[in-house]
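**Student:** Reassemble the complex: the two chains are provided individually, in unrelated frames, and hints are given to aid placement.
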Amino acid sequence: MTTKRYVIAALVAAVSAAAAAQQSRAEPEWAKVEEETMRHYQAVLRLDTRNPPGNEHIVAEYVKKVLDAEGIPSQIVGSDMNRPNLIARLKGNGRKRPLLVMGHSDVVTVDDAKWKFPAFSATRDGGYVYGRGTVDDKDNLTAALMTMLMLKRLNVPLDRDVIFVSESGEEGSTGVGIGYLVRDHFPEIDAEYCLAEGGGVTRIGGEVKYATVQTLEKIPRGIELVAHGISGHGSVPLKSNAIVHLAGAVARVGEWRPEIRFNETTGTYFRKLAAISPPEVAKYYRDVLSTDAKTRKAADDWLFENEPRHSSMLRTSVSPNIFAGGYRSNVIPSEAKATLDVRALPDENPAKFLEEVKRVVNDPAVDVRFTGQNERPAGPDARLDSEAFKALEAAATRVYNTTTLPTMSTGATDMAQLRSKGVQCFGIGPATDMEDGPKGFGAHSDQERLLESELHRFVRFNWDVISNLARAK
Amino acid sequence: MTRVPRSARPPVAQPFRPADGRTGSPKGLRYGRLTIVAAAALAIARLSAQHAAPDWKTIEDETLRHYQAVLRLDTSNPPGNERLVADYVKGVFDTAGIPAEIFALDANRPNVVARLKGTGAKRPLLIMGHSDVVTVDAAKWKHPPFSATREDGYVYARGTIDDKDNLTAGLMTMLLLKRQQLPLDRDVIFLVESGEEGNSNFGIQFMVAQHFAAIDAEFCFAEGGGVTRIGGAPRFATVQATEKIPRGIELVARGISGHGSVPLASNAVVHLAAAVSRIGEWRPDVKFNETTGTYFRKLAAISPPDVAAHYRDVLSSDAKARAAADDWLFDHEPQHASMLRTSVSPNIVAAGYRSNVIPSEAKATLDVRMLPEEDPAAFLAQVKQVINDPAVEARFSAQNTRPAGVVARTDSEPFKSIEAANTRIYNVPTLPTMSTFATDMAQLRARGVQCFGIGPAVDLEDGPKGFGMHSDQERLLESELHRFVRFNYEVVADLARSK
Numbered sequence: 023m024t025t026k027r028y029v030i031a032a033l034v035a036a037v038s039a040a041a042a043a044q045q046s047r048a049e050p051e052w053a054k055v056e057e058e059t060m061r062h063y064q065a066v067l068r069l070d071t072r073n074p075p076g077n078e079h080i081v082a083e084y085v086k087k088v089l090d091a092e093g094i095p096s097q098i099v100g101s102d103m104n105r106p107n108l109i110a111r112l113k114g115n116g117r118k119r120p121l122l123v124m125g126h127s128d129v130v131t132v133d134d135a136k137w138k139f140p141a142f143s144a145t146r147d148g149g150y151v152y153g154r155g156t157v158d159d160k161d162n163l164t165a166a167l168m169t170m171l172m173l174k175r176l177n178v179p180l181d182r183d184v185i186f187v188s189e190s191g192e193e194g195s196t197g198v199g200i201g202y203l204v205r206d207h208f209p210e211i212d213a214e215y216c217l218a219e220g221g222g223v224t225r226i227g228g229e230v231k232y233a234t235v236q237t238l239e240k241i242p243r244g245i246e247l248v249a250h251g252i253s254g255h256g257s258v259p260l261k262s263n264a265i266v267h268l269a270g271a272v273a274r275v276g277e278w279r280p281e282i283r284f285n286e287t288t289g290t291y292f293r294k295l296a297a298i299s300p301p302e303v304a305k306y307y308r309d310v311l312s313t314d315a316k317t318r319k320a321a322d323d324w325l326f327e328n329e330p331r332h333s334s335m336l337r338t339s340v341s342p343n344i345f346a347g348g349y350r351s352n353v354i355p356s357e358a359k360a361t362l363d364v365r366a367l368p369d370e371n372p373a374k375f376l377e378e379v380k381r382v383v384n385d386p387a388v389d390v391r392f393t394g395q396n397e398r399p400a401g402p403d404a405r406l407d408s409e410a411f412k413a414l415e416a417a418a419t420r421v422y423n424t425t426t427l428p429t430m431s432t433g434a435t436d437m438a439q440l441r442s443k444g445v446q447c448f449g450i451g452p453a454t455d456m457e458d459g460p461k462g463f464g465a466h467s468d469q470e471r472l473l474e475s476e477l478h479r480f481v482r483f484n485w486d487v488i489s490n491l492a493r494a495k
Numbered sequence: 134m135t136r137v138p139r140s141a142r143p144p145v146a147q148p149f150r151p152a153d154g155r156t157g158s159p160k161g162l163r164y165g166r167l168t169i170v171a172a173a174a175l176a177i178a179r180l181s182a183q184h185a186a187p188d189w190k191t192i193e194d195e196t197l198r199h200y201q202a203v204l205r206l207d208t209s210n211p212p213g214n215e216r217l218v219a220d221y222v223k224g225v226f227d228t229a230g231i232p233a234e235i236f237a238l239d240a241n242r243p244n245v246v247a248r249l250k251g252t253g254a255k256r257p258l259l260i261m262g263h264s265d266v267v268t269v270d271a272a273k274w275k276h277p278p279f280s281a282t283r284e285d286g287y288v289y290a291r292g293t294i295d296d297k298d299n300l301t302a303g304l305m306t307m308l309l310l311k312r313q314q315l316p317l318d319r320d321v322i323f324l325v326e327s328g329e330e331g332n333s334n335f336g337i338q339f340m341v342a343q344h345f346a347a348i349d350a351e352f353c354f355a356e357g358g359g360v361t362r363i364g365g366a367p368r369f370a371t372v373q374a375t376e377k378i379p380r381g382i383e384l385v386a387r388g389i390s391g392h393g394s395v396p397l398a399s400n401a402v403v404h405l406a407a408a409v410s411r412i413g414e415w416r417p418d419v420k421f422n423e424t425t426g427t428y429f430r431k432l433a434a435i436s437p438p439d440v441a442a443h444y445r446d447v448l449s450s451d452a453k454a455r456a457a458a459d460d461w462l463f464d465h466e467p468q469h470a471s472m473l474r475t476s477v478s479p480n481i482v483a484a485g486y487r488s489n490v491i492p493s494e495a496k497a498t499l500d501v502r503m504l505p506e507e508d509p510a511a512f513l514a515q516v517k518q519v520i521n522d523p524a525v526e527a528r529f530s531a532q533n534t535r536p537a538g539v540v541a542r543t544d545s546e547p548f549k550s551i552e553a554a555n556t557r558i559y560n561v562p563t564l565p566t567m568s569t570f571a572t573d574m575a576q577l578r579a580r581g582v583q584c585f586g587i588g589p590a591v592d593l594e595d596g597p598k599g600f601g602m603h604s605d606q607e608r609l610l611e612s613e614l615h616r617f618v619r620f621n622y623e624v625v626a627d628l629a630r631s632k
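Protein sequences appear in the order of chains A and B. In this text, residue positions in the first sequence follow our numbering: the first is 23, and each later residue adds one. In this text, residue positions in the second sequence follow our numbering: the first is 134, and each later residue adds one.
One chain only, chain B, in its complex shape (with noise of 0.2 Å):
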């Protein structure tokens, strides 16, 4: 429980402290002699509470502190139990008197939603961080995956980059406009969601289809973005400001059963080999929306120019330059070749039992990401044209969907902020993202809310060395996380201050 100390206070924001989430009136108010002195009183405030800033080496061990605690809760999914993690920011929040309401589709794995009153004139800001994890394998890890072990600067765990960072800078963002006494133009909601790795019913679905009002924003902030290191040097940041949608596509092959000593020409799982074959190798045509055209732009002028040359090429209008960068950066940054288009990977087949019998039917799933503007029966019907068999039917799976939404804008106030405290803290440019999966911002941006990805920085490197998100050595450098928390905390306070 360390407290900010008194000296780090603003002098007279005293009276305007917020009592249970409401706003106090300020006790000179109530006499008229001395109505001017308070309102001289009141603007000095606020330009003092504008300046001054936290006292961050003391913020640094409380961040550390619960960072840790929540790490070392076991909220891997499945089962997930995030009540845990529930239970300890709710407690976090009671101490802080910072109004603070479970929300439970399975009392098990409860969401938290947090609120800070504002003035209102402005539309609240969102903030989320999801409290569940994935699995580990426990056998694989050096230092168990729910010790949150410190070492060498870094802190090792399930969870330390995805996404217990975001929760954890989100839970400090709270405690400190608490302490820091700001007013808010808006309300600022801190929401912790339960199912994100993969059973977001009990998480953001419920919360936007039970208690939307609870979470309801201009604008919100979760996992999806970051600051890219490389060579222990921050290079550039990105924002998510959109995302494609996932849906499934299945091909069903039928055809007459018989004995595998007979071939046949409708052997199903021929016919399947072929779609799936035609599908795999069929890339469809290239198309920019407004934050990959800027990515790829942005992305150009801060590489070295041999990459920098396909960045720009995929962008070209002739049609041979494009399409030889695109298969440059299908071969050498798939990652990028999927943020070019509506992508198809076939990841599923499934086929015949035994070794002597031609089987009646075949199946394959295809993973597709969609382009938010994407047209999904267009779209369908272009898949159907390229497996060009009447024998192979292709449908949508039935798997749950991520709608589509609004695109988070990057001339928008909350963009402009973030690639100004970007420029500040990190002193690097910001690329707007789209990303290749879905998240879970996509079900409130279909319910019009502008969401933006952000994250902590990490060295590139960390990926192909087993570091990464979802790795066995998952883990973030301490200093990058205390980075991340003033990011937050400036950010947030930038677009809810009373201005």
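This is chain A alone, in the form it adopts within the complex (with noise of 0.2 Å):
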């Protein structure tokens, strides 16, 4: 495939050595930023970029003119015309390499029928902001954007570039987004760190308990089981019944629970969050660190009951999430079919994993072998004592007055790409209610929410740590 580049602004090159000289520790006007940060993410809620199909274009346009109007570089770049990413610039004195931010600009698809308020509606009610998007991720698309307007208007100057990326087709379709960009935009977006979804602050009865800063991502990895046996009547059994050995098969694999194991992230966060629990929940979290095996077996046993997002981060994981074979009840079809969502730790070794799965299926008739699924790359994990993660607890202790706890996402995210180019990244977000979830006000459910409050926290959280880490010194 030709890629089709077309660049509709050139970037500005030059940075004002006025501005520059206009060294200013002002602050923000917040009573005003808050109107601003509204009308911004009301507007790109309210552009219809559900992917499929994407369109991402809308709001690569909106974002454009909103900075053009500002006066900061920005260009539109794609693959796609209907799907394009947009980098914007703002220049340091290059002591340090940049920042990157990002925010992308498409949405999950919606059940139109199941919205109280309609999906692409942004409506305001009791303190929410109802709306696709307004969770993932149109709230860092909007904090990102804000930071950048507010640094170009204080003329912060600047130790290193802040570079502001909306990316598309995060939702399935990275090749148009940030598979695109890293391979064919790659200067463009180079950087020492960056931010990106992925973390957030939990709130739990309306108050503050912990922040998560993602420093490390699961790799996803699909694998297929296929059995072959014996095609026949289903009026006479045959023991090759290719339905019944992969069944043996996939239920002998999603019994299987792989071994456990830590890294810097998961170890930091397990130990951290057992510091901040209720006693009857830390004690868990300790347990599972144990070198005593069965301790770690029960905590394990629990974890998986209980939180099984927890011990997901404890190991590379295996789910049978499809199961089929067979197309008339009287026939044994000659063939079966099973895929497995496998996530491996990012130290994890393919080739060895898979070994041990072939091991675990134990059956001749049945193969094991990866699938040739779109993969996000390896890549080495964000440093817990590097300026950045330092900048992100800070503006948590300063702005929510709470601990950071590292995180391991078991999801991949646009951040793969980066890692594996040597880009230190950190996933943010805002503040949300840990019962939002269960009561079905999450990340792509149908009342997709985030208190306004929230969205203004997480603005003045961006802020902090970007001007903190770029902010010439």
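Since the hints were made in silico from the structure, they are not lab data. None of the values given here were measured: they were computed from a predicted structure. Accuracy of the hints is not assured; some may be wrong.
List of simulated lysine to aspartate or glutamate pairs, EDC-like, C-alpha gap at most 16 Å [what the hints assert, rightly or not]:
#: 1; chain 1: A; residue 1: K261; chain 2: B; residue 2: E466
#: 2; chain 1: A; residue 1: K261; chain 2: B; residue 2: D459
#: 3; chain 1: B; residue 1: K632; chain 2: B; residue 2: D522
#: 4; chain 1: A; residue 1: K261; chain 2: B; residue 2: E414
#: 5; chain 1: A; residue 1: K261; chain 2: B; residue 2: D460
#: 6; chain 1: B; residue 1: K311; chain 2: B; residue 2: D188
#: 7; chain 1: A; residue 1: K261; chain 2: B; residue 2: D464
**Tutor:** Below, the structure written as structure tokens:
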């Protein structure tokens, strides 16, 4: 495929020397900023960028206009006219390598009938804004945009460039988004650090309890099981029945929990989590770190039953999600297939893991192989002793008065591609109520929402972190 | 329209020829003086009729003509279009003066019922042959599937052994009985039914539900048995005396839906897989009935000693010997393993739609073939016990089922007659069988008709070589078609003729 690239606006490279001289420690006028934040937030929420088909060009064009009005150089680049990405840059003095901030412009699809408020209405109700994308990811997009605008308006002198990327296709079509950018525009987005979705602040009972920063993510790898047998009439059961062989394999793999292994991120996460959790739960977080196999196993069992997300953080996880075979009730099919969703720890050796799966399947009638599925590459984790992590920790203390836990996400993000190029990435996000997810107000839900107050607090957090990391010192 | 030559007819049978299906009065009875003479003539006529056999050589031409004619009518089901065959058969009967009626739920898919009247001393005998055939993949056929090409002693076509052979033999038997003017103790009914291959609602179900009086009988003959040739020589005959009852069971596992990056203990796919695995590895208890017991005993008697040992052992009261024989059969002769029990085969699984989403539901379909004496409710309870998982529901599917019914007895008159004909014509022993699949006889058995599955001789080697039923080179030896017509006629005549 030939890559169609188009550049709507050229980068304006010059940075006003006068602006640089005008050293300012001024803080934004937050009351005014809030109005503007809400205006942009609602505007982008009202642009229907459900993916598929995406149509992210409407968000790219909106953001470009806002940046143009502010005099911030930006360009729209893409391999698909309807699905471009936006890149903006505020130049620094180059003493440090750039900082990249990202927010993706597409959203997952909606079932319109299920929405109380129309999914693209961005209705304000009871202190919340309701709409597809409110917490995934037009919150990060808006906060990054606002940060760019404020840095420019306040003429903040910078030790490093601040790059803002609004990428398309994050929800399942990274080929047009981060994949394309890393392949065809990497020099324009290359950075020392990057900030994107993937973390946040957890509120329980309306109160902030802790912040999480994603410093690492698991690598998705599909594994396919294919059983072959003799076809025949259903009135005569056959020992080689492909469905029976596959069922045995899927059952064994489904009941298998690969070995527990910690890394710097997950070890720190569970230790810190234990420190801030009620004693009866803290016990499990501590026990799972224990060197005593029995203690560890009991905690692992408890987590699998009660906190499956934590259980997945402990290991390369395997979830058999598709199982299909047969077409007529009276015909034994000759083939049956299952697909395992594997989320590998970043340090997992794929070939060795596949061997382990084969050993668990333990049936020569069942083939075990990696699927050709689009993979996100592995990369180094963001360091907890880095300047960026410290800035994030400090901002969480200042803005939320809470402790910061590094996390490894079990799902893949657009940061994977950047990490594989050596960029240290950190996942951040606004504060949401832990109760919102189970109540059906979470990301991808039919009542996706965000508290207005938390949107504004998140803009402040962004400003705090970014100005702290980039400001000339 | 080949006619039986006059010389072949019984000389004094003329006055007794049934007209319009009714027995005519012998003229001689009107004259007192001639009564004794007439009575004597009658006695001689009967005696002669019993011994006058049809002229088989001449009949073969006619058989092949009808056989090829019906094979050339494309009644692939779906859509069926069995009207083509019904019209043809009706035409043949009309010409022969045999009353025949059409019964149809769908004008394109009619059934034909022809009847030769008997004295009514005994209840009727029903012969059946279905007019539809399974579909074809025309590209795979060497000879076009509806060409009925004759080659090297075979006829090749869809339907040659399923079931236009039985249809042709039934048709010929009716024509011969009529021409032979055989006095009958019972009516002989011939039913050509549509929709056997998966749409019995147009065929046997419709006939049993709406027109049972037209086909009600003491005994019936239909497809389902045959003579097995090995190395070109007939070895044994089988008569299907009973059949298993198909009952679908559906397994539904339910769990919490979620993202594939976070495995859940409630994963519906995993629960279903474990259930299917347990069910697939389970072999329900071995249980014999009169038919299968006799079958394995007789089979042991005619089999080579190494194989016979397994047939005998599976009947053993020693659990260990029985289990070993059962294992051997499951590995080497799965058809026999299925005859020993209510069988279960998981044939469909469907779960999940995206590799990164744990689905909230997963389904599997089990193909269950129950022994006729099985208690469905008790069996379902056993299935649940084997699954042993509250997250997996097990229930009978709503699928159209065939009812259970009477078993055809091996000590019955028809069985003995079939046995005798097999000895006479094929010189082989007769084994009663229970088919593991359902046939159109199920509906009749449910109404109390004793049904027997019969068929022509085919080579055991033909199936594995790809010449069997439903295959792309379905075929029958011409010589065996003719032998089967003779077998049909002799068995039917023996059971129906006045004695």
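**Student:** Hint by hint, say whether it matches the structure.
**Tutor:** A quick look at each hint next to the structure:
1. Taken as a hint, the K261 (chain A) and E466 (chain B) pair is honoured in the structure, with Cα atoms around 11 Å apart against an allowance of 16 Å.
2. With a CA separation close to 13 Å, the supplied pair K261 (chain A) and D459 (chain B) stays within the 16 Å bound.
3. Between K632 (chain B) and D522 (chain B) the CA atoms are separated by roughly 63 Å; this puts the pair beyond 16 Å, and the hint is violated.
4. About 8 Å separates the Cα atoms of K261 (chain A) and E414 (chain B), which keeps this hinted pair within 16 Å; it holds.
5. The straight-line distance between the Cα atoms of K261 (chain A) and D460 (chain B) is roughly 10 Å, inside the 16 Å bound, and the hint therefore holds.
6. The straight-line distance between the Cα atoms of K311 (chain B) and D188 (chain B) is roughly 14 Å, inside the 16 Å bound, and the hint therefore holds.
7. The hinted pair formed by K261 (chain A) and D464 (chain B) meets the criterion: a straight-line CA distance of about 7 Å does not exceed 16 Å.
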